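**Q** Keeping the supplied structure of chain C fixed, place chain P upon it in accordance with the hints.
Number of protein chains: 2
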Amino acid sequence: MAKRTVYNGLVSNEQLGQVVTLKGWVQKRRDHGGVIFIDLRDREGIVQIVFNPEISKEAWEIADKCRSEYVIEITGTVRNRDAEVINPKMKTGEFEVMATEITVLNTAKTPPFTIEDDQIIGDEIRMKYRYLDLRRPKMTKNIKLRNDTTKAIRHYLDDQDFLDIETPYLGKSTPEGARDYLVPSRVHAGHFYALPQSPQIFKQLLMNAGFDRYYQIVRCFRDEDLRGDRQPEFTQVDIETTFLSTEEIQEHTEALIAKVMKDVKGIEVTLPFPRMTYDDAMARYGSDKPDTRFDMELIDISETVKDVEFKVFQMALETGGVVKALNAKGAANNYSRKDMDQLGQYVSQFGAKGLAWLKVEEDGLKGPIAKFITEATEDIIKVTNAEVGDLLMFGADKANVVAAALGAIRSRMGKELGLIDESKFNFLWVTDWPQFEYDEEAGRYVSAHHPFTMPKAADIPLLDTDPAAVYAEAYDIVLNGYELGGGSLRIHTRDLQEKVFETLGFSKEEMEEQFGFLLEALDYGFPPHGGIALGLDRFAMLLAGEENIREVIAFPKNGKAVDPMSAAPSTVSPLQLFELNIDVTAIEE
Amino acid sequence: MAKRTVYNGLVSNEQLGQVVTLKGWVQKRRDHGGVIFIDLRDREGIVQIVFNPEISKEAWEIADKCRSEYVIEITGTVRNRDAEVINPKMKTGEFEVMATEITVLNTAKTPPFTIEDDQIIGDEIRMKYRYLDLRRPKMTKNIKLRNDTTKAIRHYLDDQDFLDIETPYLGKSTPEGARDYLVPSRVHAGHFYALPQSPQIFKQLLMNAGFDRYYQIVRCFRDEDLRGDRQPEFTQVDIETTFLSTEEIQEHTEALIAKVMKDVKGIEVTLPFPRMTYDDAMARYGSDKPDTRFDMELIDISETVKDVEFKVFQMALETGGVVKALNAKGAANNYSRKDMDQLGQYVSQFGAKGLAWLKVEEDGLKGPIAKFITEATEDIIKVTNAEVGDLLMFGADKANVVAAALGAIRSRMGKELGLIDESKFNFLWVTDWPQFEYDEEAGRYVSAHHPFTMPKAADIPLLDTDPAAVYAEAYDIVLNGYELGGGSLRIHTRDLQEKVFETLGFSKEEMEEQFGFLLEALDYGFPPHGGIALGLDRFAMLLAGEENIREVIAFPKNGKAVDPMSAAPSTVSPLQLFELNIDVTAIEE
Numbered sequence: 001m002a003k004r005t006v007y008n009g010l011v012s013n014e015q016l017g018q019v020v021t022l023k024g025w026v027q028k029r030r031d032h033g034g035v036i037f038i039d040l041r042d043r044e045g046i047v048q049i050v051f052n053p054e055i056s057k058e059a060w061e062i063a064d065k066c067r068s069e070y071v072i073e074i075t076g077t078v079r080n081r082d083a084e085v086i087n088p089k090m091k092t093g094e095f096e097v098m099a100t101e102i103t104v105l106n107t108a109k110t111p112p113f114t115i116e117d118d119q120i121i122g123d124e125i126r127m128k129y130r131y132l133d134l135r136r137p138k139m140t141k142n143i144k145l146r147n148d149t150t151k152a153i154r155h156y157l158d159d160q161d162f163l164d165i166e167t168p169y170l171g172k173s174t175p176e177g178a179r180d181y182l183v184p185s186r187v188h189a190g191h192f193y194a195l196p197q198s199p200q201i202f203k204q205l206l207m208n209a210g211f212d213r214y215y216q217i218v219r220c221f222r223d224e225d226l227r228g229d230r231q232p233e234f235t236q237v238d239i240e241t242t243f244l245s246t247e248e249i250q251e252h253t254e255a256l257i258a259k260v261m262k263d264v265k266g267i268e269v270t271l272p273f274p275r276m277t278y279d280d281a282m283a284r285y286g287s288d289k290p291d292t293r294f295d296m297e298l299i300d301i302s303e304t305v306k307d308v309e310f311k312v313f314q315m316a317l318e319t320g321g322v323v324k325a326l327n328a329k330g331a332a333n334n335y336s337r338k339d340m341d342q343l344g345q346y347v348s349q350f351g352a353k354g355l356a357w358l359k360v361e362e363d364g365l366k367g368p369i370a371k372f373i374t375e376a377t378e379d380i381i382k383v384t385n386a387e388v389g390d391l392l393m394f395g396a397d398k399a400n401v402v403a404a405a406l407g408a409i410r411s412r413m414g415k416e417l418g419l420i421d422e423s424k425f426n427f428l429w430v431t432d433w434p435q436f437e438y439d440e441e442a443g444r445y446v447s448a449h450h451p452f453t454m455p456k457a458a459d460i461p462l463l464d465t466d467p468a469a470v471y472a473e474a475y476d477i478v479l480n481g482y483e484l485g486g487g488s489l490r491i492h493t494r495d496l497q498e499k500v501f502e503t504l505g506f507s508k509e510e511m512e513e514q515f516g517f518l519l520e521a522l523d524y525g526f527p528p529h530g531g532i533a534l535g536l537d538r539f540a541m542l543l544a545g546e547e548n549i550r551e552v553i554a555f556p557k558n559g560k561a562v563d564p565m566s567a568a569p570s571t572v573s574p575l576q577l578f579e580l581n582i583d584v585t586a587i588e589e
Numbered sequence: 001m002a003k004r005t006v007y008n009g010l011v012s013n014e015q016l017g018q019v020v021t022l023k024g025w026v027q028k029r030r031d032h033g034g035v036i037f038i039d040l041r042d043r044e045g046i047v048q049i050v051f052n053p054e055i056s057k058e059a060w061e062i063a064d065k066c067r068s069e070y071v072i073e074i075t076g077t078v079r080n081r082d083a084e085v086i087n088p089k090m091k092t093g094e095f096e097v098m099a100t101e102i103t104v105l106n107t108a109k110t111p112p113f114t115i116e117d118d119q120i121i122g123d124e125i126r127m128k129y130r131y132l133d134l135r136r137p138k139m140t141k142n143i144k145l146r147n148d149t150t151k152a153i154r155h156y157l158d159d160q161d162f163l164d165i166e167t168p169y170l171g172k173s174t175p176e177g178a179r180d181y182l183v184p185s186r187v188h189a190g191h192f193y194a195l196p197q198s199p200q201i202f203k204q205l206l207m208n209a210g211f212d213r214y215y216q217i218v219r220c221f222r223d224e225d226l227r228g229d230r231q232p233e234f235t236q237v238d239i240e241t242t243f244l245s246t247e248e249i250q251e252h253t254e255a256l257i258a259k260v261m262k263d264v265k266g267i268e269v270t271l272p273f274p275r276m277t278y279d280d281a282m283a284r285y286g287s288d289k290p291d292t293r294f295d296m297e298l299i300d301i302s303e304t305v306k307d308v309e310f311k312v313f314q315m316a317l318e319t320g321g322v323v324k325a326l327n328a329k330g331a332a333n334n335y336s337r338k339d340m341d342q343l344g345q346y347v348s349q350f351g352a353k354g355l356a357w358l359k360v361e362e363d364g365l366k367g368p369i370a371k372f373i374t375e376a377t378e379d380i381i382k383v384t385n386a387e388v389g390d391l392l393m394f395g396a397d398k399a400n401v402v403a404a405a406l407g408a409i410r411s412r413m414g415k416e417l418g419l420i421d422e423s424k425f426n427f428l429w430v431t432d433w434p435q436f437e438y439d440e441e442a443g444r445y446v447s448a449h450h451p452f453t454m455p456k457a458a459d460i461p462l463l464d465t466d467p468a469a470v471y472a473e474a475y476d477i478v479l480n481g482y483e484l485g486g487g488s489l490r491i492h493t494r495d496l497q498e499k500v501f502e503t504l505g506f507s508k509e510e511m512e513e514q515f516g517f518l519l520e521a522l523d524y525g526f527p528p529h530g531g532i533a534l535g536l537d538r539f540a541m542l543l544a545g546e547e548n549i550r551e552v553i554a555f556p557k558n559g560k561a562v563d564p565m566s567a568a569p570s571t572v573s574p575l576q577l578f579e580l581n582i583d584v585t586a587i588e589e
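Those sequence lines, one after another, are chains C and P.
For the first sequence, counting from 1, position 156 maps to 156 in the numbering used here; every step adds exactly one.
For the second sequence, counting from 1, position 70 maps to 70 in the numbering used here; every step adds exactly one.
Bound conformation, chain C alone:
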């Protein structure tokens, strides 16, 4: 094999008139008046190769036998195309290569789908032949974009003296958080490692060891039921720092994101990013990760309707709830009565009993609840800034139910009504999270972030008396309605860590058994520290303009956590199980 001169997709004026050697895959072969044209593809793009029998009969004959996806090497001279056949849509569209030699490096059967974008190919077939799917220009570009993202992140952190330190994948199973993937130990019968859900404790211990600034781009594992943007394994940009304040950690995160946006998308973002408290985000957007690319905020009308004799509103207000409205500007005609019934159904999954609504017409508010709120019509119109053609929707319930229901409606209508400027990248800090959430099912408080999160100093006395009122030094970074990452300051003293474990319902024995080594570490000069973790898959997905993280993962699992290509997971031999001291109690056929 000769040395490649340049990637096909990068042939340019630099090679004009020169003899080059190119390698790649046959994208297309066609015969025009006895001359063969091959579009030769590699990771950087395509260039047109011309085989003229008058130049080399031998090369022409080989080219004539080439089929799609054959791997070939050619030698020839780069020249300008004739003006009338210049292809302005192609990066190399001004050029072609007059081939004098060709070698077939490998042949190919006809692939199960053609290697082109904008085709409808079933997910399973794409995944089974992932190596062919990845040859499609869009997928190649996505994987390269992910590489560019990783590179920009690393370069920023390297420049800022962060140390890239690896933490174990074979760790300890702890019941806090999601379900662990387990790994049976052969050497220690009946014992198991767990794959990390995140290297949280290890990164804190690295701060205790004095490394000051740590990062790792690291795989994490959660054995949870899968959704669109969830995979059994995912990649986290894991960052931890010592002696920095919340604001300083946020500044680093912003500078890192700015570098990614610049390097990967060529976009200069404005710093600092806007900040919004968790309470504000829930109140205004009904979401802890609001998409701020469009308005349509939730409007609290509790005060406005407090005297209205509409039972639904009254009951909500009397039981400590709220009444809120959404105004979908000019959308009255976009939604029929039937659509509105369906939306009523839709919000029931968030615990709402229904969706009250009104349309604003020339002669006032119309709709099923119009007659109940007549005395407040004027005020409602005023406070919701309603105009003819608007669609008003109402939620009346506990604050969190109203937020969830109207927040979901807002997100949905934002898309349905085309309110979103897809070219925007709206970053937002959501700050001042609650320390705990009350888990109705478990009948106890659980951590809103994780049990190592530092409560706000002023709220520490409330741990004993009113855990629900305790706020945390915690912050999420949100991009276009997605949680891009989250972080916090961490607890660095034993007393406070034990107090938080207690609030979470741990007995002394349980905390000792599960986190004794961390508690002990807190005794030996653990420094103040904090950090953040960003979801790399999700970040790359949003940068690529995709809607599923599978599109930016080279070899993802399907919705059943299976790799259809290699057929993992699979059964294993009895010897393997014997050596691991385990039996299987059931086998799926």
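Treat each hint with caution, since some may be false.
Identical copies look the same in the list; a pair holds intra-copy or inter-copy alike.
Straight-line distance between alpha carbons at most 25 Å, and here's what the computed DMTMM-like set of lysine to aspartate or glutamate pairs gives [claimed, not checked]:
(1) Lys499 with Asp263
(2) Lys398 with Glu502
(3) Lys329 with Glu361
(4) Lys259 with Asp159
(5) Lys109 with Glu509
(6) Lys3 with Glu297
(7) Lys151 with Glu254
(8) Lys499 with Glu101
(9) Lys144 with Asp159
(10) Lys398 with Asp421
(11) Lys259 with Asp158
(12) Lys262 with Asp158
Derived by calculation from the structure, the hints in this document are not laboratory data.
Note that this is a predicted model, so its numbers are computed, not measured.
**A** Here is chain P on its own, set in the frame of chain C:
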């Protein structure tokens, strides 16, 4: 907290006369005539802080209460030390900081060992308190050196257009190679994922997908019995390329290593590295990873002694074996008769029946076998270049037994006799590996590298007739007697891959079951490709001058694959096992 001005270990002329804020751990506190001196430590080193009660009584009082490993923040002015107290051994030894303020950020109990180098601390206690062990300057330096190594590697590969692409950790178990770590699937009862021993097949498929140049710094897992430089999980610099020759891949590897040596050690290595065939390495050094920092090569004396009537030599030669000698120059007096008996014992583990030896004295060769070889004495002296005071040792057996035994003696004596220049970094390519090894126990051929390795083109016909004579397009990179990495060109056609599987004893069904997806991928224009994988832990270990990879891993496992700090692996709850559809058949107490 105020912002840190500079790391303690980096205080320099730049801060002279300035007011600075420093943070870190109390390395030492001492009182000299009512003035308190604190050595303040961080990851970059130590600086001396002075608390004079005449400058701030308040700060002095707090400083007086500080103990080792307290975490403090101080503010003060950097000044030159008086000439007589300059400490030339300390990077910041010319400076001290006159403190006006101090804040204790956290206290510390007395640690189980002091945070200093050159202490003898038990391995288990080091690992249990790893966060304290890592505070020791040597360990901090090792982890930073590893970060520097990783960074140099990434920057080289980024600059050369390699794409960093992640491959799955939850993969498929295959019986080839070492024992897999398994991960039970919850969703698919009785099915298991396997953690990768290396991303070999995935990286080949990335070449099939057209990514052209791939790298990944990736964790790999092998459930094998542990040795000094083995861990259950280890890190590999995984590289794969398309369309490149063996020589081009080696050139990239050399340039990458040269960058690491330059960036991490400040050493300019000479390129290209020397090359030696596998056969030569075995013949001359008795090792496939020779330490070329010293000579003492194996000398073939089969011809010299072919007529000597010494039964041991004769039997070896008559059964197709060899007789080889080692000359330990000037070492005759270093080894007593008893030492030589012990060496005889030592080589028995390599299958040798014993170790014949002679000492060269003024009046000829002396030793147990002297009387048997009298007629060849002159020739042996000549061919081994023996001089008075030398120690000659002989191996007579099958070639591989002689190589193993004398190779081991050579390595051992190289260390014992101080023949090795520890400042040297001797890189060496060992090329032209055999394709297969015969596994006596299994009664079949096994891959010397792995089953995807490309045989030398000229040897392909021998696959049917004489597999032992087939050489591979495979190469190892060796550093100072350690295998630093290995690579090869890979098979890219189905016929040849199936033929190699056949030679390895696979039935059609077995190859289809285990590697069917790879075989199918070979049908669709799989390009010529090859690569290399380097052991990052080992590379960092050698760069750090350590003898165990644990010293360059932040949180390693001990010799029983246990993390003594977090106590992983551990038992898990019955619910976890139930959800995974497994039972444990035995539990270690």
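**Q** Now tell me if each hint is right for this structure.
**A** Results of checking the hints against the structure:
no.: 1; hint: Lys499 with Asp263; result: neither (44 Å within a copy, 47 Å between copies)
no.: 2; hint: Lys398 with Glu502; result: neither (28 Å within a copy, 69 Å between copies)
no.: 3; hint: Lys329 with Glu361; result: within (12 Å within a copy, 106 Å between copies)
no.: 4; hint: Lys259 with Asp159; result: both (12 Å within a copy, 18 Å between copies)
no.: 5; hint: Lys109 with Glu509; result: between (63 Å within a copy, 22 Å between copies)
no.: 6; hint: Lys3 with Glu297; result: neither (60 Å within a copy, 38 Å between copies)
no.: 7; hint: Lys151 with Glu254; result: both (16 Å within a copy, 22 Å between copies)
no.: 8; hint: Lys499 with Glu101; result: neither (76 Å within a copy, 31 Å between copies)
no.: 9; hint: Lys144 with Asp159; result: both (22 Å within a copy, 14 Å between copies)
no.: 10; hint: Lys398 with Asp421; result: neither (32 Å within a copy, 76 Å between copies)
no.: 11; hint: Lys259 with Asp158; result: both (13 Å within a copy, 17 Å between copies)
no.: 12; hint: Lys262 with Asp158; result: both (17 Å within a copy, 18 Å between copies)
Of the numbered hints listed earlier, those contradicted by the structure are 1, 2, 6, 8 and 10.
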